[in-house]
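> Taken in order, these protein sequences are the chains called A and B. For the first sequence, my numbering gives the first residue as -15, with consecutive numbering after it. For the second sequence, my numbering gives the first residue as 590, with consecutive numbering after it.
Just so you know, these hints were derived from the structure itself, not from any lab. Since the structure is predicted, the reported quantities are computational estimates derived from the model, not experimental observations. Incorrect hints may appear among the rest.
Below, simulated DMTMM-like cross-link-like pairs (lysine to aspartate or glutamate); rule was C-alpha separation at most 25 Å, straight line [said to hold, decoys possible]:
hint	chain 1	residue 1	chain 2	residue 2
1	A	Lys56	A	Asp36
2	A	Lys56	A	Asp31
3	B	Lys613	A	Asp14
4	B	Lys613	B	Glu660
5	B	Lys613	A	Glu81
6	B	Lys613	A	Asp36
7	A	Lys54	A	Asp6
8	A	Lys101	A	Asp31
9	A	Lys56	A	Asp14
10	B	Lys613	A	Asp31
11	B	Lys711	B	Asp603
12	B	Lys613	B	Glu645
13	A	Lys54	A	Asp14
14	B	Lys613	A	Glu68
15	A	Lys(-9)	A	Glu8
Using C-beta positions, here's what the derived DEER-type ranges look like [stated by the list, open to error]:
hint	chain 1	residue 1	chain 2	residue 2	range
16	B	Ser653	A	Thr22	50 to 56 Å
17	A	Thr33	B	Ser621	16 to 22 Å
18	B	Glu702	A	Ser2	29 to 35 Å
19	B	Glu645	A	Thr22	37 to 43 Å
20	A	Gly98	B	Leu723	47 to 53 Å
Far from chain A, by Cβ distances over 10 Å, these chain B residues were calculated [to be verified]:
hint	residue
21	Asp592
22	Val594
23	Gln617
24	Thr630
25	Thr651
26	Ile654
27	Phe658
28	Ala659
29	Gln662
30	Gly669
31	Asp674
32	Asp676
33	Met679
34	Leu699
35	Gln704
36	Lys711
Just so it is clear, CB atoms sit at the ideal spot from N, CA and C, and this is done for glycine as well.
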Amino acid sequence: MPVPILKQGDFLIATVQSALSDREVLQLQDDLAERVGTFRSQGVILDVTALDIMDSFVSRAFRAMALMAKLKGAETVIVGIQPEVAFALVQLGLTLEGVNTALDLEEGLAFLRGLAKRRRDGR
Amino acid sequence: MGDEVRVPIASDLDIVVARAEGRKMALQTGFSHTDATLVATAISEVARNILTHAREGLVSITASIGDDFAEIQVVATDEGPGIRDLDLAMRDGYSTSGGLGLGLPGIRRLMDEFQVSSEEGKGTEVSMTKWRRL
Chain A
-15 MPVPILKQGD FLIATVQSAL SDREVLQLQD DLAERVGTFR SQGVILDVTA
35 LDIMDSFVSR AFRAMALMAK LKGAETVIVG IQPEVAFALV QLGLTLEGVN
85 TALDLEEGLA FLRGLAKRRR DGR
Chain B
590 MGDEVRVPIA SDLDIVVARA EGRKMALQTG FSHTDATLVA TAISEVARNI
640 LTHAREGLVS ITASIGDDFA EIQVVATDEG PGIRDLDLAM RDGYSTSGGL
690 GLGLPGIRRL MDEFQVSSEE GKGTEVSMTK WRRL
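The following block holds chain B by itself, in its conformation from the complex (with noise of 0.2 Å):
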């Protein structure tokens, strides 16, 4: 099993936080920089969504070594006004805020597993996992 760090999201500067921990926690678990750098931008980009979107939510990073492979999970908890159609959401270069962020796509290219839910009225969960083989 892991540790798990858990950066609730309510100000700018808790994305430094957020992002920060994530590379630590990544490079603690054997990835390379490169890999930690992906990881803690990925981290940025879904706290920042929280911070634009929601105002305020959770960021919660796990890092988990089993036998053959290390990864590390980064889940995205907020209770905004959730997004509306998710498929749209996923497409490249759409966005509802008027650009500031990347879009969902982005993100997903820096990890290796990449899970939105959402419901309008409730919020929105992006979960992600980037993995190495040991």
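For reference, chain A alone in the conformation it holds in the complex (with noise of 0.2 Å):
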């Protein structure tokens, strides 16, 4: 099943709804990279609260993501990462990093829209 993407205003929202298979994933990384251009999307919001694993390969591909949105001007933040997954991926030794992680969706907002300001306000 391909994750739905939603526009909303300068952001797009992917929410994950169910296990992601490798070519979901690649799938994903295409259809947002794509979309960030269609769109001139200013922020992406990656909700991966329905993903009960995120081993090396879902790690490495959302960090390919966020650097392929950030190329496009658009910064990502995964919102979401359950706290059994958030163990597993420091254990493994992922570290996710340069990409934005917040709690939730609501979260995940609020920092795009600060960041989109501060854009703005030329800060």
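Taking the hints as your guide, dock the two standalone chains into a single complex.
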């Protein structure tokens, strides 16, 4: 099942609904990269609340997505990482370096709005 | 004694099946959600190693409950190219496949016991266990 991507003003919100196969992860990567360009989005929220596992493949792919979006001018926030998943990531030695994270969708949106405001104000 | 589930690994969808089975069995055996997630993550990694290096193989998951402990054992086997230098492969940060996996050391940290045997040209077997006291 592909991950739906909603446009919300200047932002895109991708909500993972269930476990992801590698193919679906790569599909999401392509879809997001394309839509950031199409909609001239300023920010992307990747909601992974429903993910009960993030292995090395997924976390590297998410990191790559964030870097690709950044090259197109959009900041990415990953929200909703489950505590067990966070623990497993740490044990594995995966850091999601350079990727913004927030507790939930609300915090993620607040983060992006703050960023957009600072950008408008030229700070 | 316990249950055994065998998941043949030949595509990325099989990885999803294998780790879901592992999580289910861990929870049924009374492991915490955290431990079940660690087991599922470890399964995901070894199954991906099979796909990356050998194209196909098998993950078998066994749950057993003894007198004073319960355990989940995962055995991943393939008949792929094998590992040339096991000591090197167990070193943190080492990868032959361009870094998409995370290497055996990362997987070892998720589990309580971890063994690899491999013969070049014949294949690889990774055996790993998570246990808990009853």
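> Could you run down the list of hints and mark each one as holding or not?
These are the hints, each one checked on the structure:
1. A:Lys56 <-> A:Asp36: violated (29 Å)
2. A:Lys56 <-> A:Asp31: holds (20 Å)
3. B:Lys613 <-> A:Asp14: violated (31 Å)
4. B:Lys613 <-> B:Glu660: holds (13 Å)
5. B:Lys613 <-> A:Glu81: violated (31 Å)
6. B:Lys613 <-> A:Asp36: holds (12 Å)
7. A:Lys54 <-> A:Asp6: holds (22 Å)
8. A:Lys101 <-> A:Asp31: holds (22 Å)
9. A:Lys56 <-> A:Asp14: holds (13 Å)
10. B:Lys613 <-> A:Asp31: This hinted pair holds, its Cα atoms lying about 24 Å apart.
11. B:Lys711 <-> B:Asp603: holds (22 Å)
12. B:Lys613 <-> B:Glu645: holds (23 Å)
13. A:Lys54 <-> A:Asp14: Holds, at about 14 Å.
14. B:Lys613 <-> A:Glu68: holds (15 Å)
15. A:Lys(-9) <-> A:Glu8: holds (20 Å)
16. B:Ser653 <-> A:Thr22: 50 to 56 Å: holds (53 Å)
17. A:Thr33 <-> B:Ser621: 16 to 22 Å: Taking Cβ atoms as reference, A:Thr33 and B:Ser621 lie about 20 Å apart, which means the hint holds.
18. B:Glu702 <-> A:Ser2: 29 to 35 Å: Hint holds: Cβ distance 31 Å, inside 29 to 35 Å.
19. B:Glu645 <-> A:Thr22: 37 to 43 Å: holds (39 Å)
20. A:Gly98 <-> B:Leu723: 47 to 53 Å: holds (50 Å)
21. Asp592: Holds, because the least Cβ-Cβ distance between B:Asp592 and chain A comes to about 21 Å, which exceeds 10 Å.
22. Val594: Fine: 17 Å to the nearest Cβ keeps B:Val594 off the interface.
23. Gln617: Answer for B:Gln617: holds, closest chain A Cβ roughly 15 Å.
24. Thr630: Answer for B:Thr630: violated, closest chain A Cβ roughly 4 Å.
25. Thr651: It holds; B:Thr651 is separated from chain A by about 20 Å at its closest Cβ, greater than 10 Å.
26. Ile654: Answer for B:Ile654: holds, closest chain A Cβ roughly 22 Å.
27. Phe658: holds (21 Å)
28. Ala659: Correct as stated: the minimum Cβ-Cβ distance to chain A is 19 Å, above 10 Å.
29. Gln662: holds (19 Å)
30. Gly669: holds (18 Å)
31. Asp674: holds (21 Å)
32. Asp676: At about 19 Å from chain A, B:Asp676 clears the 10 Å cut-off, so the statement holds.
33. Met679: holds (14 Å)
34. Leu699: violated (5 Å)
35. Gln704: It holds; B:Gln704 is separated from chain A by about 18 Å at its closest Cβ, greater than 10 Å.
36. Lys711: Non-interface label on B:Lys711 holds, nearest chain A Cβ at 26 Å vs cutoff 10 Å.
In this structure, the earlier hints numbered 1, 3, 5, 24 and 34 are contradicted, and the remaining ones agree with it.
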